[in-house]
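Asks: These are the residues of each chain, in order.
2 protein chains.
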Amino acid sequence: MPKVEVPRKSIYRLSIYQRSRLKLIENNVETVSSEALASAAGVKSTQLRKDLTYFGQFGTRGLGYNVKALSRVLNDVLGTTSYQPVILVGVGNLGSALLRYKGFNKEGFEITAAFDLAPTRERRTEGARVPVYSANTMADFIRNHQVRMAIIAVPSEAAQNVVNELVEAGVQAILNFSPTVLQVPENVTVNNVDLALELENLSYFIR
Amino acid sequence: MPKVEVPRKSIYRLSIYQRSRLKLIENNVETVSSEALASAAGVKSTQLRKDLTYFGQFGTRGLGYNVKALSRVLNDVLGTTSYQPVILVGVGNLGSALLRYKGFNKEGFEITAAFDLAPTRERRTEGARVPVYSANTMADFIRNHQVRMAIIAVPSEAAQNVVNELVEAGVQAILNFSPTVLQVPENVTVNNVDLALELENLSYFIR
DNA sequence: AATTGTGAATTGATTCACAGCT
DNA sequence: AGCTGTGAATCAATTCACAATT
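Chains as they are written, first to last, in my numbering: chain A, 1 to 207; chain B, 1001 to 1207.
Because the hints were derived from the structure by calculation, they are not lab data. All figures in this text were calculated on a predicted structure; none of them were measured in a lab. Hints may be right or wrong, so weigh each one.
Below are the BS3-like pairs computed for lysine-lysine, each with C-alpha atoms no more than 27 Å apart in a straight line [unchecked claim]:
1. A:K68 / A:K106
2. B:K1009 / B:K1106
3. A:K68 / A:K44
4. A:K23 / A:K9
5. A:K102 / A:K9
6. B:K1009 / B:K1102
7. B:K1102 / A:K50
8. B:K1023 / A:K9
9. B:K1102 / B:K1050
10. A:K102 / B:K1102
11. B:K1102 / A:K9
12. B:K1050 / B:K1023
13. A:K102 / A:K23
14. A:K23 / A:K106
15. B:K1106 / A:K9
16. A:K23 / A:K68
17. A:K50 / A:K68
18. A:K44 / B:K1009
Use the sequences and the hints to build the structure in full.
Replies: Pasting the structure below:
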């Protein structure tokens, strides 16, 4: 599987295809054309086909893609076949919010533990069943449970240090909610979600 | 100001330059080179210069950019000079989380009101001072307060209808947390934040 | 001497156009 | 006949290289 040279955006789209496919499977469709699936996903059919052929040939000319087979391929490529434990670091404002958010579970992820400098803060975790541990137990937890993915929602000043510790302990992929540019070794992937940035960006488009 | 043909990503970067600049102003620097600012922002200096020249010439050759003047330009371009009221639609899981999140305020935005089908749901808004109103008062509120920006965090099935109502009432920019592709007229801008998608995407990069 | 501003070159992503299967 | 797979063409964004300016 050629992990390199595949455009980042293609991989994002694979997830979207998977979701669009979910709707189709409900309708009991056996087979789907690139045209139909692409339009459900909001892209051009050639783009869908090109995205898929980065990973092989899965369709049947004249017919389309077998829905179940396609689903399997997408799961394989995306790595969503095997369960991945995810930890959350920083149970403040946003962090506690994310703990309660059920959208992750819905798509097959589960936050197995959370870490914070002051793990016992009041009212923070009410309603969530995820345990919150002290930050100094984090590295051990990662090693013991072979955690490869982490979500960080700590103050920006703290972010780089946390990331260093995560990487050191073996984390390979980080979803970063702290508004900072993080330095990581090249075998580690960071996806940034910057809420304030998105709002600020929108304000540009209001005239 | 040539709103069109400027790459979307450039505009995102302008916000990052603004932030990086904030750190520099603290250090009382009068002037800053594209090289210094770019490296603080994590980009190449030529990219910064190109990004800026979409909007004019603000530097002095041989010297760099005046920090204060640059800040003013960035605020002007981004539209962050004038205060913008923002509403939130959907006070469920994620929505109530966003209500409590203070990061928006920090960057000069404030959620002035929230709307939900069941505005009185328990414990949802404890700790937040934002009023939650019934969804059927939304359109009036938008018109009365000239709201142009909205954050939506409703279930995906509901998202398109909500968006239609927002647009109809005059909203021009939408930050969408619902995992759906939204249809909007071309004078309306949507930024999507899809948390589950980001996680799924990361799982690709774990080998 | 230092640093911006910018056309030209390059790199990257998307779309086209059509050959190749079923 | 219908639809995939893909090299070639186009479009977009980034980076280079250097002339222009202080």
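Asks: Each hint should be assessed against the structure and marked as holding or not.
Replies: Comparing the hints with the structure gives:
1. A:K68 / A:K106: Holds, because 20 Å separates the two Cα atoms, which is no more than 27 Å.
2. B:K1009 / B:K1106: 22 Å, holds
3. A:K68 / A:K44: 22 Å, holds
4. A:K23 / A:K9: 22 Å, holds
5. A:K102 / A:K9: 25 Å, holds
6. B:K1009 / B:K1102: Roughly 25 Å between the alpha carbons, so the hint for B:K1009 and B:K1102 holds.
7. B:K1102 / A:K50: Judged against 27 Å, a Cα distance of about 42 Å means the pair is violated.
8. B:K1023 / A:K9: Not satisfied, since the Cα-Cα distance of roughly 31 Å exceeds 27 Å.
9. B:K1102 / B:K1050: Answer violated: B:K1102 to B:K1050 is near 33 Å, above 27 Å.
10. A:K102 / B:K1102: Given that 27 Å is the threshold and the Cα spacing comes to 21 Å, the pair holds.
11. B:K1102 / A:K9: 30 Å, violated
12. B:K1050 / B:K1023: 22 Å, holds
13. A:K102 / A:K23: Between A:K102 and A:K23 the Cα gap is close to 20 Å, so the pair holds against 27 Å.
14. A:K23 / A:K106: 15 Å, holds
15. B:K1106 / A:K9: 30 Å, violated
16. A:K23 / A:K68: Distance of about 12 Å is within 27 Å: holds.
17. A:K50 / A:K68: Roughly 19 Å between the alpha carbons, so the hint for A:K50 and A:K68 holds.
18. A:K44 / B:K1009: 22 Å, holds
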